[in-house]
Every structure is written in structure tokens, then in C-alpha cells.
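S.K.: Each chain, written out:
Number of protein chains: 4
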Amino acid sequence: MTRGTWTPDTLIARYDEVRSHTERLAAPLSPEDQTVQSMPDVSPTKWHRAHVTWFFETFVLADHEPGFAPFQDQYWFLFNSYYEAVGPRYARAARGVISRPGAHDVGIYRGNVDARVRDLVSTLDHGALEKLTSTIELGFHHEQQHQELLLMDIKHVLSLNPLQPVYGGAPSAPTEPDRLGWVDVEGGLVEIGHRGAGFSFDNELPEHQVYLEPYRLADRLVTNGEWLAFMADGGYRRADLWLSDGWARVQSEGWRAPFYWVEADGVWLEHTLHGTWPVDPGLPVGHVSHYEADAYAAWAGKRLPTEAEWEHGVRAAGGDVTGNLADLETYHPRAAGPATGRLRQAYGDCWEWTSSAYLPYPGFHPADGAIGEYNGKFMSGQMVLRGGCALTPAGHTRPSYRNFFPPGSRWALSGVRLADGGAPTGGVAR
Amino acid sequence: MTRGTWTPDTLIARYDEVRSHTERLAAPLSPEDQTVQSMPDVSPTKWHRAHVTWFFETFVLADHEPGFAPFQDQYWFLFNSYYEAVGPRYARAARGVISRPGAHDVGIYRGNVDARVRDLVSTLDHGALEKLTSTIELGFHHEQQHQELLLMDIKHVLSLNPLQPVYGGAPSAPTEPDRLGWVDVEGGLVEIGHRGAGFSFDNELPEHQVYLEPYRLADRLVTNGEWLAFMADGGYRRADLWLSDGWARVQSEGWRAPFYWVEADGVWLEHTLHGTWPVDPGLPVGHVSHYEADAYAAWAGKRLPTEAEWEHGVRAAGGDVTGNLADLETYHPRAAGPATGRLRQAYGDCWEWTSSAYLPYPGFHPADGAIGEYNGKFMSGQMVLRGGCALTPAGHTRPSYRNFFPPGSRWALSGVRLADGGAPTGGVAR
Amino acid sequence: MTRGTWTPDTLIARYDEVRSHTERLAAPLSPEDQTVQSMPDVSPTKWHRAHVTWFFETFVLADHEPGFAPFQDQYWFLFNSYYEAVGPRYARAARGVISRPGAHDVGIYRGNVDARVRDLVSTLDHGALEKLTSTIELGFHHEQQHQELLLMDIKHVLSLNPLQPVYGGAPSAPTEPDRLGWVDVEGGLVEIGHRGAGFSFDNELPEHQVYLEPYRLADRLVTNGEWLAFMADGGYRRADLWLSDGWARVQSEGWRAPFYWVEADGVWLEHTLHGTWPVDPGLPVGHVSHYEADAYAAWAGKRLPTEAEWEHGVRAAGGDVTGNLADLETYHPRAAGPATGRLRQAYGDCWEWTSSAYLPYPGFHPADGAIGEYNGKFMSGQMVLRGGCALTPAGHTRPSYRNFFPPGSRWALSGVRLADGGAPTGGVAR
Amino acid sequence: MTRGTWTPDTLIARYDEVRSHTERLAAPLSPEDQTVQSMPDVSPTKWHRAHVTWFFETFVLADHEPGFAPFQDQYWFLFNSYYEAVGPRYARAARGVISRPGAHDVGIYRGNVDARVRDLVSTLDHGALEKLTSTIELGFHHEQQHQELLLMDIKHVLSLNPLQPVYGGAPSAPTEPDRLGWVDVEGGLVEIGHRGAGFSFDNELPEHQVYLEPYRLADRLVTNGEWLAFMADGGYRRADLWLSDGWARVQSEGWRAPFYWVEADGVWLEHTLHGTWPVDPGLPVGHVSHYEADAYAAWAGKRLPTEAEWEHGVRAAGGDVTGNLADLETYHPRAAGPATGRLRQAYGDCWEWTSSAYLPYPGFHPADGAIGEYNGKFMSGQMVLRGGCALTPAGHTRPSYRNFFPPGSRWALSGVRLADGGAPTGGVAR
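Chains as they are written, first to last, in the numbering used here: chain A, 12 to 441; chain B, 12 to 441; chain C, 12 to 441; chain D, 12 to 441.
Looking at chain A on its own, in the form it has when it is part of the complex:
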């Protein structure tokens, strides 16, 4: 999955950079904050910190460190997320009942593994290191995924607390919704998937051909203001706009607004990592499910793009790739800014739901061994999201990146970009 060029020094430097970023993200959180699992999808902060460490211990140290022994036998069991091949594992939904190791103990575990990884990298001969590098690099990207999850998860934990705790960041100045523009894209037989020497996950491979009719993509994400119009027009009450499964969820879970919106005295507020604030109509809507995204598109007389349309469109029409929000530590999408004729907000604001189910590319082959469980076994019952979001760490996005969640999932920072022409048009008459 990797074709990068690393020396022991650059590998250790990058290792330290990635690892310390995790600790920086956890720093504002108390031991109690780090312990809570607010729903089965969410993991405690200290679990994230320990699990990414377990990944290096299991896949890097275990097979290569001379005289390897686990730091703590039970951690092997506690911090395995889903790798069946590695042995039995602790039940996901019960991560919140494990008070020990505490946040401080996890820090000690991290320090121990860090020292051992540095040692190993420094002492391996060239050939051995070359073989190990791709796993270490996978560990970097794995930890970055958990950095994003750590923020999504703690957002949920804090949102449930009536004391309205603040994690960090600050609200931006109120904005006005910008006019939506469209970018036309020629279709044809196009190349999709990861290309070149850089890192990718196995699910982005192999590069392959897909035939596309001509289409167009909205040049920015759907805004809160537009979403309020959808709500005002009965968007959550009109069965005709919804997929059947989506409509069932609207009713069983009482959806009437995006996940973190709450109504107080007739005003819509939004839980954010910087507290609970009035909804800003100029910012992109976030924390909507695929079902909601699809219903909105039907209401707007448009559709969601396929993942191939998204990827080809970003490559062809130019994505706005500068400035990951994660660097800004705002932890929230920003306004689109003035139109540029290119695709705005393609990476740093909200993950973008596509109309594509998460399935293997033609010729896909998972990696050998336990690492092969990384992606392939989840190719069922999920939809692809593309781009990135304001919680994604810098350097973790690329045009071929395939994120995925079940269509009813709302706690991820997921938003909507519309498409039109060419591929499926649901129209109002769902």
C-alpha cells in the first residue's frame, strides 16, 4: 500500500510527529472525559490512544523486536479493535466500562512502545527496515484516522452533557450563504483509483476504468441556510422525498433536524466542539446521514454524485485543496468563500456522501494476514464518502480516499455536495 521513500531518521521524525499530535488532541480532556463511551459507535479517548499504540506493538514490534513480549498481556486483548486473526478481543460496546488502565497509564504505555519502535527502526538493517516501512507508514495513517475519530467521538460525549462543555476552538464570524454555482465535467472512459508512488489504503486500488456520462457538480457544499429551507418546506415530514429505510429512521428516531441541532425557544442551536451556538446559515450543514443527504437532493431536484464522479470531478475541475482546517484548530467547517470556478470545500469541511455503496474495485485484493482485515471485510452495508472534514488531520486527504459509514450514521462530520445530469436523477418523485 505504500511506495514512499524513507530513511530511519525521516521515519522516526514522522513517527514522533504523528504520535505527539494524538497526545496534543487528548490534552484538553480530563481523565473522566477520556473514559466515557457515549454510544457503541463511540470509543473512549483513552481507548483510541491505547489502540493506535497496540497497532504498532502488534504489527510492528511483535514480529520484529528481538525477545518481544507484550507490555501488558491483557492490553493485547483490550485494545484489539476488530482483528479476528490476532485473537479474541474485548467487546466494542463495553469499552466504556473499563476504568483501568487510566488516562495516565495509557500515557506510560504509549511512551514504552514509542521508545521500542524508535529502537527497532534505528537498529534494523536496511533490508529488514524496507520490509517493515509499509506497515509503519500504515500505522501513521491508521493513527490519523483515529485522531479524526477521537474528535468526532468526544464531540458526541460532550454534547450529551447538560453543562455544555467546550473542547476548543471558537465560533467564526456569522456569514451569509453564497450563491451555489455549478462546475461542468466531461465524462467518458476515465481512470479511477490511487495512482503514483504515495501512500494509499488497499481499498483505493487498483486504478481502473469507469464510463461516465457528462455531469456537473455543485461548486460548494449545501449550507445550513439551505437546510433550514428544506426543513421549513416539510423536508422531514414528506415520505415522498425519502428512501424507505431513511423514512423508517425519521419516524423511529424522531429526526427533524441534523444530528447536533437542538431547538430552544424557536431558535436552532448547534452543539459544536466550541460549545452550543446558534446555527450559522452560511456554514456547510454537517452531521447529516446519507438518508438525509439523499432526501435533500430529491427535494432540490438534484442528486448525490457517485464516488467516481466525485473523484474524477475533483481531478478534472480542480479541488480546493489548500488549508486543511485541522491546522487552524477550528474543529468546524468554514464558509465557502467567494466562487472560483473550481470545486470549493472539497477536503477540509465535511465528508461528502456519495450515491455509491462501499464495494471492492474490480481486481481488488486485500493484503495478506491480519492487516488484510483493515478494509475489505467492511465492504457491505455502507456508503462511500469522499473528501475530508474539519477534524481530519493535515496531510490525510487525497482524491482517491474512500471513507465509508452506514447510511444512517450521523455522528461523523458528514455533509452534502449536489450533482446533476448524467448519472441518476431521483427528482422530487422518489
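If you are wondering where the hints come from, they were derived from the structure by calculation, not from laboratory data.
Here are a few chain D residues that face chain C, going by a calculated C-beta distance under 7 Å: (1) 95; (2) 224; (3) 389.
If you want the ones that stay clear, here's a sample from chain A, every Cβ over 10 Å from chain B, calculated: (4) 23; (5) 34; (6) 85; (7) 115; (8) 129; (9) 282; (10) 288; (11) 289; (12) 352.
Quick reminder that beta carbons are idealized off the backbone N, C-alpha and C, glycines included.
With chain A fixed as given, assemble chains B, C and D onto it according to the hints.
M.R.: Below, chains B, C and D without anything else, positioned relative to chain A:
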């Protein structure tokens, strides 16, 4: 959705043919048999008989019959399956608690609507009839779908009864599994979707281009004998073969064999519509979920075909279309017979799971009005099956037909055809 | 449990009487009606008819009939209700998925067992018969219990049907609520439990002493009119009136009126066995849970009687025992009629919730063998009801009879008689 | 509920004593330990610490402190356990998702309320104080109940952790089971309930007469060794020994030993607050449900005592009241010690299940206002336990004390004392 040519006489003749076939299928069933709903997916026989009647009453008579009034106000509510636009409807999972109207009363309802439809067709002027024909034709195909469901559903009802009741048919002579052959198919930019003047559902449209790498398809379905080998090799105990969602179901529901198989004194028996019999190794395996089909393919080092590969393959390599089993009233798949160099068992034995999620074709547009709810709103969380099965009524299959079920579904008569090359290869290392 | 005197002739005559009454009750019901199980607590009519037959086959014929063989092996399994000692049994909640044996087949089963029981009774010698008589007599009372349940259960089945089917009976003329009077009862050390030579269940034994403070009992049941006043005063919205478990049910199940009441255009209607009719304020309220009965008593500043108070009160103050409603085939409680200074409506209208948990009497000892499972093992989590109801067959009531249901149960025909003084007074301040 | 004599000084001294004991119990626990809710019945340690503080703030300060304002508005909502009259409250089952206030913040809250209560008591005039004293005293006993719960709850939390954390205490030297003796008790018309000037809860009142047949009580609790014999004899596999509800739980939850027992390599170990140790056959069995206690008694051919028998027996035959284990900080039952002719282990080892449902005493009247919700509304669906346990704080036990839990509850430290004669004898034939 239709482009057929009908006269009032041929329309009425076909109407009578379709309608009487439903009654013929229900004839062996007692009033009690027709009342039971054995799980939420299953509907009582008398509900099927009434619902297909309601379809004609609602979509044909209501808007066109002079002085229309419903046969019974409450039937309007009781026999609406899922059409939100038609008004509130009775809860699906509680169809089995409605003892009245009884089986005999449903017959009276059917007779009443039949007479009124015949009257209407006989008296409409040419222009009006032309507009109505496509809805009536849709009603035929709708009723045929329920004929198949009626048999799948009563199979489940009777299978739960310790008295082991027989619906009909008889076991075939025991057979030996035939050697599996492969049919090579050239890929390229191919046409997929319904073409020509005949009837199709809206989800088979529009015809469109898809790019395929070269591939090959197994020339027959996976057999019970092969499935027993999969089981003997730990197929239901090896997590590495399974999609994550599938493995969770294996464990939560204790799957260890196809849906209707039961072990007695070390011998595997199978509930069928002709009673409970030892599993015949030469017959196609049926009543397996998509998860099981996918795990089997991984075990075999092969994969499932995409729906485009299936459709193009059947067209290019020649499907074995003769002899729908429904005509034979065996109600069970048959053995493959000798190899022919073409694709055997393509229509009349088991619906074939593909690796494609059920999604709209590029440019898909559902019909206007309530009829638009027929297909489009279900395009979420389901997988496509192709072909047909031994319970499918004669004349109801075609290359472009898209059946669909959730990936964990097992009560449909669904089986497995392997593919290889070109598109995704899961291999053993899931 | 019995001390009656029977000859073969009187035993057979009574047998025929009891058995034919069951068939009379089932006669108005179609095969479909007899098949439905509308919730786990409810059993299909044909199951009741078969189960009481199984009881005679299992406990009378199996051990005494020369060359005994079951009528049908699987019936042994299908129609065992809860006797662990008799072997495995079919799952209670799935009785509604068994379409066969059908209603007609059950009739054949009944006829077969009836003939064999008559034969056995006619041919046994005196000593053997004497030993068997108490089991046969238990079978009579067991079947009577199921006669009552059959009516309660079919009431529920038909109530769910939007066609509002009628079982039988007819509404009585509207009545006005009668003024509530009180009957004073002296306390002291009193005798409780079954006495004398007649039949009783084991749970009514042994007769024993209980100390009671002086108390008084309402001379009639709480009426629908009084219940409407309770509702109008926020009875279902005031947590302070309710037991904690009861309040949880009010909220989780949305209780706002008795079980069979439905509001239509501001008027309260009630599902009855003679159809859906406006609530009659003069009739006793029925189908309320223990929680509701207790909350009503708290609202009224009174309390429910203990079972000892009820039994002693009925004996001391004179129960109104004439005229079981079952004889009248009204299938519904009647109005109290003019005050008499005695306890009105003590047997034939609604089972009366007491404040006593269903527990063994001091010195209680269940019968030996499987019959010992009849009562004792249910002495947990249930409350005692006393008296009888309009669905109880004639001759099935007595002062010491202990009926029991979980406190949240509402589908039984259960009502409320208030008590005051002596024992616990909840008052408004629950 | 109190008739004690207090001065401001003795009241403050006792207040400080009770309050500081809570903090002493929490001291060994990390912030993470104090945050976890391992199941809905369990509350986080920091919640217990805050809730008992809320009790004083709500029922003592709110109505009497001049210029009262809550320490923190949201605490009012977060730390209300179940008092409907005080306003809305936070969902019990979600106490574990609230990370803030943290353990340290709760300490600040406690200090603030402590200072204010001391101030109030010091400054109130004599008459006002007299009225308030009974509420303050109730607060002491309320906090003591939570001290016991805090230990029961953290025992559960730590037991789930594969790291096997230790709270405190140490295992005692292994012991041999002592021979079981019996203490005969005369029956008759006896007085039950709280008497005299000391504190009691409202549910222990009023004192009243109950008639008892002569009976006898085991002179010690059932031991682990005896329980192992019950298990070896198929105790958890014989339906005939169990109440129907109990047998259903055995099967649905897979019970095969007491709650905290785990089998490892054929040896039974027990989770305790001092770690996981082999089961000591001489110690009393603990953490068994009422269902298990009842099944054990049936197996032993004995029965459980009624609560009246227990209370009268302890008074008549002399309970062994010296030495609450809580003082010893062993946190675990001890061996019975040599027979004395009196009832051993009556208070300090395991709460003792009785055969009595938790119901109001004759003439019971809950207190006015929100405090009236303390006991009365829970008188449904629970069984009475008597005595006390090794986690009960010193000074919190008395003969009339009525503890209560649902019959399936196992996480409380509950054990078994057998009775015989007089009252109900289940015998083997349940």
C-alpha cells in the same frame, strides 16, 4: 414501463390467466395456513391474494371506474403494502393478527374486482384504454411477484410446523454433482438495461453503458455437495472468509448451514415444499444469504459476479432459458444436466446473488405518482439478485430483471453462481 | 385437591358438560379466528381446544389407559403449555405460526380423547377410578380456566381488527352509576383458605389463620363513570399517584385509559365482544392493570383490599353470588343494581385486584409429579385477583379462589373494588 | 420517621462523621473508576458522592437557607435520582456518559454544601431546627445506604476489568463449613415493625400484629461449600427446583453459579473487592438472586423465612449483632464461627432473602411531599431482604429494617438463611 400491444380481449384474457394462477397456488392451503405470518418478512397467503387485488382496485379502478367506491373501506387500509401516497396503512409485521376477512371473504373480494376490471376494460374507449394498459400490465407483473412470494412465504410457514406439512411437488431422483465448467466473456464498453418493446420495471431503465474487464462465469450454480464441502472445511467457523456484517450474523443467529437445513442423527435434511428430505448433493444450494454466498466464493478462491457481468454474460454466452420450473410444479431447483458450453440454470432454479448493491441506473427516474414508490425508494441496503427461481411464474424472467434483498436475507430461494477474473477477486484472504 | 363424590355416570356426564361448553364457545369463530395469536399472552382458540384435551390425554389416559399411545406424537409437544416434567414443549410465543392441526383437526382430536376417557371411566374398577377422579376433576376446572381465557384471548384478537368483528352478546341498556356504599367488616384472627369437601386448587390450601384489623369494603366495583373522573383529573399524568413500576409503564406504553378504550372525535369507545360501543358510565370499569387500580385507589384516598380482607369480607358480609353472567351469555360486566347492604358484583363481573402478592400460604405444599407445576412455580412477580368475571364459566367461582396476573397485565377482565381502614392506606401521597 | 434527640453540635458532629466516611470509601478510586456505570443498576462513584450531597441541598438547604440558590443549576437535574416532585431528572441508565463534573469537581460541590449545612444548623433557632432535624437525620441514613451501594457498584465495575483490580481488604484464612444448627421459635400473635424512639424509615411503620405458626430458623447462612453441593447435584439444571420466572432467567442468562463466580481450569474463583480468589467453602454464599435462594431452599427440602419470621426470630432468639464487618474494612462476609445457640451472621455478612414481597404494612402512610417518594412507590415487584451485609456501614442495621430488590437481582451482597416448619414449605416438588 411497457411498450406492449394489447386489445381489450387479449388484455382480459391475460388478466384472467394471471389472476387464476394465484388462486391455483392458494388452492392447496387451508384457511388456517392462509392466515399465518411466521415472521415480519412473510405475509399470509390471504393477504397476498387480497393485496394484489387491492393493487388493481387502487391503481386501475379508483381513477377510471365511473362512480367508483371501494369494495370495503377498511380493505383500502388493510391491503396497502407500502404506498405512502395512498394513505395510512396497516402495520406490516402485524398482518398475521387479522383473522378477517377470511380466506373465503378474500375470494369474494377478488371476484368483485375481477368483474369490475373486465367491465372497465370492455367499456373504455381506445384512447383511455391505451393510457391504462401500462398500469394493468404492471399489475400482472406485480401479481406474478406475489405469486413467487406466496410460495416462499408458505414454505417458511410450513417449515416451522413439527407436523412437516407438504404443499405440493415431489422430490426428484437423487443426482450426482456435475463438474463445474467456466464460460469466458469478453468485456469492453457494453450495454446494460432493458431494451426493446416488452415490459420492464422502471429499475431496469435506462439502458446505459458500463465498462467491463474480461471475465468468466461458472456454467452452473453451486451445488449442495459443494456446500457440504465448504461446511466440512469450517466454512461457518472461519472469520477470515466472511464480511464483517456477515460474521456478526453467523454468531448472533448461530448459522451453520443453509436456512432450511436441519441436522438429524448426523444427516442433513432440508425442508422443502414437498416435505423434509435428505439433502441431495447434486441439486443447487438454495436459501443462502448474500453473506454466505460471498463467504463461499472467498473459500473457493473466486468471487460473485457484478450484476452487469451477469446480464452481459447471459446475453453474450447464452442463458439456458427453456423450461421455467414453475410450469413443472416441482417448486424446487433441479440438477444442472449435462454441460452445454452455455450458462446452465440461469432462470428457473435459484435467484443468483451478485456483488452489486441495488442502486439506481445512471439517469434513472421513478414513475410519477404512487406507482413511483414501486422500486426507487428501496434502493438502499440491498443487494441485486439476477435470474429467477423454481418458484418464479412462467414468463416473469428476462436478462435485465433486477431482484433485490437485504444481504442477510435467507427465506428467498437464492443461490450462488461464481465468477472469476476481471472484476473484484476476494480470494481466501478476506 | 378434591373431596367430591362421583360415580362413573356423574363423572362422564360432567365431563361431557364441560367439554361441550368449550366447543360451544368456539362455535362462532372461523378457522382463521381460531388460528391467530395476537400477542405472546394470548393463545389461539384452537390451541386452547387442543391443550385442554392434551391435559386429559397426558394426565388421565397416559398412565391408565391399557396400551396407551398418543393420538399424535407431535401433539404431545405442541400442546404442552408449561409442564417441564412432561418433556420439551413448543415455544409459547410462537403458537400463532402453527396452522396445522387446523380447527377441524382439533375437533377430531377432541372426539378421540373424549371417547377414550369415557371408555376408561366406564371400565376402571372402583379403587382405580377413585384415585383417578381427582385428576379428572382437576381437568374440569383446568378446562374451565381455559374457557375463560379463550374468551379473553379472542376479545384481544378481534379488537385489533379494523373491521370490528362481533363475537356475540349485545350491549345492555345505558345505566347511571349507583352511589357507592361501604360494608364494615370486623377483623381479628380469621380463617382463610379453602374449607369443606368441594374442589379447590392446591394454592387455596391449607386453611390458616390471619390477623386483620377492622376494615370496610366498597359495596360495588368502581364504574366507568368514576374512571372518567379520574382521567379528567389527570389520573394518567400525575406521577405522585403511581407505583414507580406503574408510572414507567404509563410512559413507555402511553397508557391514558383502560386497555380497550379508544377515543374517536372526543368520545370514548370500548372494544367489547359485542363490538365497539360508547363507554357506559354505569358499568364497572374493566381491563385495568394492578398499577392502574392502585393509582385509582390512591387518587380516591382509599386503597385496594388484601386478599384476606376480600375473602373474609365476602364470607362475613355476604357476597352477591347469584347469577354468573356466563349463563347469560352477555360476555360483559353488568350494572351493580340497587344497594343491598351486601357486597355486590362479587363474582360475575370483573376479577378484583387485591394488594396481595401471589405467594404460598403457610404450609403450602404443591402436588407430587407434573401436576405440582400447576400453581406453585408461578408464585413470583404476580398479584392476586379475587372473585370472577363475566367470562368465567358458571360454577367456577368460590370465596377462596386465587386468580393471579402480573401487575401490568390488562387483557384479563380485571376491575377494582376499594377498601378502607385497617390495612394500608396509600392516600394521595404515594 | 425519627424521634432522636439532637443538639446543633451533635448533629454537626454526626453530619461530619457520615459525610467523611463517604469520602473515605471513594478515596482508593481513580477519577476513571468513579466515572464508569457498568450496567443500569450501577451508578458511578462520583454520582453517588454528588447525589447524597444533592439530597441535603434539596431537602435541607432549599427550603431553609436564607437566599438559597443552587450551587449549580444543572446539578439539580443531574443528581436527582427519582424524585418526580422535584422536577425532571437525568436518565438513570445514562449516568455513565456524563464526564463532568469530574471527581474533583464533585469534591468541591460536597465542600460547599457541607459548609452551608453547618452554617444553617448553627444559626437556626431551636424550633426551626427541631423541624429540620428529622430530614437531616434521614439524610444521614440515606447517605449510608449509598455508602453500601457505592461499594456494591464499584465491585461490579472492577469485576468486569480483565486487569482484576483490587479495591481493598484482603482474603481471610480458609475455613471449613460449620455444622448447620436450628433455632426454634414460638409463633402466635406477634408484633412486627419499628418500635421505640430511634430512627426508622417510613416503610418499617406502623408496628402491627401478625399471626405466626411455630417455626425454626437456621443458625447461620448457607455456605459456599453447601452451594457447591447444590451445583454438583444439578441445582442449575433441574427445572423442578425453580420458580417459573427464575427458571426462565437461568436459561436466558445462562446462570450456573453465583454472580461473581468464574470457573478457570475446573476451579471456581470469586471476584471480590480484594481481587479474584478461589471460592472459600466455609464462607457464606453471596450475590445470589431470590430465585436462586428459593431454588436452593427447595433442593434442601426447606424454605425461606417470611420477613415477619425473620424479624420476630431475631428479636426472640437473639441476633448476633456485634461487630459490623464494615468497621473491619474486610468488605466480605466472614465465617460463622462456633455455634452459640443464637442466630449467627444476622447483620454483617449478607442481606438475607425472605419469601415476602415488599408491600406496605397495614396502615402504612408515606411522608408528605417529595420525601414521600422515598419508599412507598417501590412497593411492587420486589422481595424483602433482612439483616445487613459486610458492606453496610456501622450503625445502619436494626431488626425492623426492610431492604428490597427485584427477585432476579444479583449484584447486591445477598445470601440465604433457611427456615422450616410453620409457614410455607416448598419441598423438592416445586
